[in-house]
Amino acid sequence: MCLAPYVGAASLDLSNLVLNNHEGTIQVRFGLSLPGLAPLHEAFAKGEVLALRLDARLSRKMEYLWDRQVAEAGRLAVIRKDGGRYVVEPRSSSAVAEVPQTASGKNRQTVSGNDLADVLRRAFGEITIDLGPWDILERGEAYVLVLGIELGRADVSAFVRNALFFWSFDVVPPARYRLDFTY
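Mapping to the numbering used here: the sequence shown position 88 is 82, numbers consecutive.
What the hints contain is simulated information worked out from the structure, not anything from laboratory work.
Hints may be right or wrong, so weigh each one.
[Claimed, not checked] Calculated pairs, EDC-like style, for lysine to aspartate or glutamate (alpha carbon to alpha carbon, straight line, at most 20 Å):
| id | residue 1 | residue 2 |
| --- | --- | --- |
| 1 | Lys55 | Asp149 |
| 2 | Lys75 | Asp149 |
| 3 | Lys40 | Asp164 |
| 4 | Lys75 | Glu144 |
| 5 | Lys40 | Asp149 |
| 6 | Lys75 | Asp112 |
[Claimed, not checked] Distance windows between CB atoms, simulated:
| id | residue 1 | residue 2 | range |
| --- | --- | --- | --- |
| 7 | Pro29 | Trp128 | 32 to 42 Å |
| 8 | Ser5 | Phe175 | 17 to 27 Å |
| 9 | Ala39 | Leu173 | 29 to 39 Å |
| 10 | Asp129 | Glu36 | 43 to 53 Å |
| 11 | Pro167 | Val12 | 16 to 26 Å |
| 12 | Arg23 | Gln63 | 17 to 27 Å |
| 13 | Asn108 | Trp60 | 43 to 53 Å |
| 14 | Arg116 | Gly142 | 34 to 44 Å |
| 15 | Leu31 | Asn10 | 33 to 43 Å |
| 16 | Arg170 | Asp112 | 23 to 33 Å |
Note that CB positions come from ideal geometry on N, CA and C, so glycine has one too.
Model the full assembly from the supplied sequences, consistent with the hints where possible.
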């Protein structure tokens, strides 16, 4: 197993971050794009399997203490090259996570194709994460939504990641987005 970190100019670009009430649930919607695909092509040329991890956390903003977490959900998608085709498979990342869903509420299926940019656009152009019931929010209170996005090697265990905390296993640098709002 090669442990060399990737160096590249790729980034994870977020578009249209929306938090809304959809049929009584807190729903986070957004799109992702990866404009620089060279590090991904390099990883696939080495036969590696990649994992896109999404972590959405909603917290009540506190004045003098740490923010109090209200809801959390995560997603995981495995990206690999199978022969000449690129494949994105949604997976559950934790006990609270479900397979990503389409706008119609149906489970999103595996996306595949010969063009990596097109496969990524179809798989991550519109992502929806449910954070639980809307009624956990209190009117007049300040909240913060933090969205963490990581694209790294899927074959690295949590033990190795923690033991080698100083080493990056990310193909693209991780990104964190924060949305402050008052309900």
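Between the alpha carbons of Lys75 and Asp149, is the straight-line distance 20 Å or under?
holds, 14 Å
Does Asp164 sit within 20 Å of Lys40, going by the straight-line distance between their CA atoms?
holds, 15 Å
Should the hint that Arg116 and Gly142 are 34 to 44 Å apart at their CB atoms be regarded as holding?
Hint violated: Cβ distance 23 Å, outside 34 to 44 Å.
Checking one constraint from the list: CA of Lys75 to CA of Asp112, max 20 Å. Satisfied?
Distance of about 14 Å is within 20 Å: holds.
Could you say whether the range 32 to 42 Å given as a hint is met by the Cβ separation of Pro29 and Trp128?
holds, 34 Å
Quick check: does the Cβ-Cβ distance between Arg23 and Gln63 fall within 17 to 27 Å?
holds, 21 Å
Could you see if the CB distance from Arg170 to Asp112 stays within 23 to 33 Å?
holds, 27 Å
Verify the proposed pairing of Lys40 with Asp149, using a straight-line Cα cut of 20 Å.
holds, 13 Å
Given hint Asp149 paired with Lys55 - CA-CA distance at most 20 Å:
violated, 36 Å
Return holds or violated for the Cβ distance of Ala39 and Leu173 against the range 29 to 39 Å.
holds, 37 Å
Assessment of proposed distance window 16 to 26 Å (beta carbons of Pro167, Val12):
Since Pro167 and Val12 have Cβ atoms about 24 Å apart, the given range 16 to 26 Å holds.
If I claimed the Cβ atoms of Ser5 and Phe175 lie 17 to 27 Å apart, would that claim hold in this structure?
Holds, at about 25 Å.
In terms of the numbered hints stated before, the structure departs from hints 1, 14 and 15, listed from lowest to highest.
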